[in-house]
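*Asks:* Keeping the supplied structure of chain A fixed, place chains B and C upon it in accordance with the hints.
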Amino acid sequence: MKKILQGNIALCEGAIDGGLDAYYAYPITPQNEISAYFAEVLPKLNKVFLQAESELAAINMVFGTALTGKRAMTTSSSPGISLMQEGISYLCGCELPCVIVNVMRGGPGLGNISGSQQDYFQSTRGGGHGDYYTIVLAPFSVKEIYEFAKESFLLAEKYRNPVLIIFDGYLGQMMEVFDTDSDEGKLNVKLDEPIDKSWVLDGAKNRPSRKIHSLLMAEGELEIHNLKLKEKYDKIRKNEVRVEFYNVDDAEICIVAYGMSARVSLEAMYKLRQQGLKIGLIRPKTLWPFPYKEINDVAKKTKKFLVVEMNLGQMIEDVKLAVDGNAEVYFYGRSGGCLVSSKEVVENIKKIL
Amino acid sequence: MNPTKFVKPKSLKETHHNYCPGCGHGIIHRLVAEVIDELNIREKTIGIAPVGCAVFAYDYWDFDVAEAAHGRPPAVATGIKRVLPDRIVFTYQGDGDLAAIGTAEIIHAANRSENITVIFVNNTVYGMTSGQMAPTTLLGQKTLTTPYGREVSRDGYPLKVCELLSVLEGTRFIARGAVTNPKNIIQTKTYIKKAFMKQIENKGFSLVEILSMCPSGLHMTPLESIKWVEEELVKFFPLGVYKDV
Amino acid sequence: MTTTTTKKSFVVKIDKEYCKGCELCIVNCPQKILVLSNNINKLGYRYVEIVDETKCIGCGRCYIMCPDYLIEIYEK
Chain A
1 MKKILQGNIA LCEGAIDGGL DAYYAYPITP QNEISAYFAE VLPKLNKVFL QAESELAAIN
61 MVFGTALTGK RAMTTSSSPG ISLMQEGISY LCGCELPCVI VNVMRGGPGL GNISGSQQDY
121 FQSTRGGGHG DYYTIVLAPF SVKEIYEFAK ESFLLAEKYR NPVLIIFDGY LGQMMEVFDT
181 DSDEGKLNVK LDEPIDKSWV LDGAKNRPSR KIHSLLMAEG ELEIHNLKLK EKYDKIRKNE
241 VRVEFYNVDD AEICIVAYGM SARVSLEAMY KLRQQGLKIG LIRPKTLWPF PYKEINDVAK
301 KTKKFLVVEM NLGQMIEDVK LAVDGNAEVY FYGRSGGCLV SSKEVVENIK KIL
Chain B
1 MNPTKFVKPK SLKETHHNYC PGCGHGIIHR LVAEVIDELN IREKTIGIAP VGCAVFAYDY
61 WDFDVAEAAH GRPPAVATGI KRVLPDRIVF TYQGDGDLAA IGTAEIIHAA NRSENITVIF
121 VNNTVYGMTS GQMAPTTLLG QKTLTTPYGR EVSRDGYPLK VCELLSVLEG TRFIARGAVT
181 NPKNIIQTKT YIKKAFMKQI ENKGFSLVEI LSMCPSGLHM TPLESIKWVE EELVKFFPLG
241 VYKDV
Chain C
1 MTTTTTKKSF VVKIDKEYCK GCELCIVNCP QKILVLSNNI NKLGYRYVEI VDETKCIGCG
61 RCYIMCPDYL IEIYEK
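Chains as they are written, first to last, in our numbering: chain A, 1 to 353; chain B, 1 to 245; chain C, 1 to 76.
Here chain A stands alone, though its shape is the one from the complex (with noise of 0.2 angstroms):
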């Protein structure tokens, strides 16, 4: 069936679909539509909605929430996720599931309410303070943001982890023809066992007392809790990389792109392969774990990469180390919530031929 849905609230419906128990947020532009329409439906479903008084509240009622077991989710864009830093850390640290969406839209400071792709070290280098990661979801298209949001929740739980899903400000806005019946945009996570919950808080009733918490005084206690920690987070590079490959086997040039920047990249990279060129695309779906890997074997055959953001250079780093020295990395970015366009991409492209 084909459905046409705004970018925003496709994510809420994802949510929903993927078993959401709990929304918290406050209200930041560009990401409003998502409140609004939980507000609406999440009552009618005997769900929990809660506009919260700061973002600081949010994160930390999402934690609560998690605590329990149940699925929470909270929504904001930048300058509110550099609120929800501390909870994040919080989170990773107590190892508990969640699902936080960040709108991008153009910073530093108040910025403006125009889309970016200016948090991508916020969201992929930990963010607050401490060793820790979060997963990092990159859609790229309304379908994707269903599909990513309905995962989420089970990506998760699966390795006791925040799961932030990031895409920027017109991606949200946009409204977009999607087929519900189509695979496309899947995550496809997969359980290799079933979800521990041999940890909530619910009231010590027929079994011992528990206790959360991320403070670990004792003597090499913290130690132990990061080596854990790291095991959890290889796993999930292990396991959980997910990226999108087009036109990259004969490729002289691959271009390296998410989100809306892969939107117009992809549209560049047709174009240039009408005029003869031999141009193809990379496109992570997952920041983090990131696909290096992936990206290294290409740069056995592809010796020119460029990349592709709507910030002035973040990506580019973990490309670099990616590639490893075994190709030229060049950059192309528009800033301050500018979206780049496939003409911009065609031209950057030709200088580097």
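Derived DEER-like restraints, expressed as beta-carbon distance ranges:
1) K13/B to S198/A: 18 to 28 angstroms
2) S153/B to G109/A: 25 to 35 angstroms
3) N188/A to L43/C: 51 to 61 angstroms
4) K55/C to V152/B: 46 to 56 angstroms
5) K13/B to N38/C: 28 to 38 angstroms
6) E75/C to E219/A: 39 to 49 angstroms
7) L39/B to K55/C: 31 to 41 angstroms
8) I200/B to E53/C: 37 to 47 angstroms
9) G156/B to N206/A: 48 to 58 angstroms
10) Y74/C to D37/B: 15 to 25 angstroms
11) E169/B to I4/A: 43 to 53 angstroms
12) I57/C to E221/A: 40 to 50 angstroms
13) I57/C to G156/B: 47 to 57 angstroms
14) N41/C to S54/A: 45 to 55 angstroms
It should be emphasised that the hints constitute simulated quantities derived from the structure, not laboratory data.
We put the beta carbon where it would ideally sit given N, CA and C, even for glycine.
*Replies:* Chains B and C only, in chain A's frame:
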């Protein structure tokens, strides 16, 4: 031998706590545990420990406890109570946690009349971090960050939490007690019990502020700190029930 | 008619090894039968001792004041 009622409550673990000699937390943890035992709610209680000396409360109470970020317990409590409304959810917070960094969270939880119980321990200093000024530090009081005494022009006035929250329509039971002598302690326990009863009866938000001793932070002996709380603190923060609706 | 009251007697148990010598129980005992020992426990504190258990009236004030739950009172 038959025990009288003077034995340790079940909701306290055997673990000996590491609070300083004469610290009020020990007494207050016990009162909370006694009330939970007497109301028979241990199996459905979830407590939230603060950042502060009482962060380790999860090692001392024998029911489900989580640690929250500084100031955030009321938001965390909201996240639990909204999805598990039949559980008894309470926060235990110090003066820095509740009245400094956590003012937004406590005011809004109270304003929403979240059906939770808040135990607010007021000892006028940040004990865990060596005794800095707290929102409730008295004017003229010397602390680590007010070595010449708290002055209005620089630091403002001590915050009166019970008075502040009583004004909010969402609050149902607000009381201030102290743990300096047996009479006060017994009275404070009745407030704590009333506060938990409000939650059990689904009446809405309740808070009990408890004037407590921090001998280390105040640089006094345990007995001196009791005298100080009874003579100075109670004057500024009057004891009693501020609201009961 | 005469009424006889049997004086109740109590057993007071003090876990002295964890006493921190805060003296809160001592100053609140109406019978004045609690004192600080001259010895120190493993924690390094002078701990509380009961000088005459027969004088205990089982009021429980020591239990109420003790921040470390070291005191238990049983009726004999």
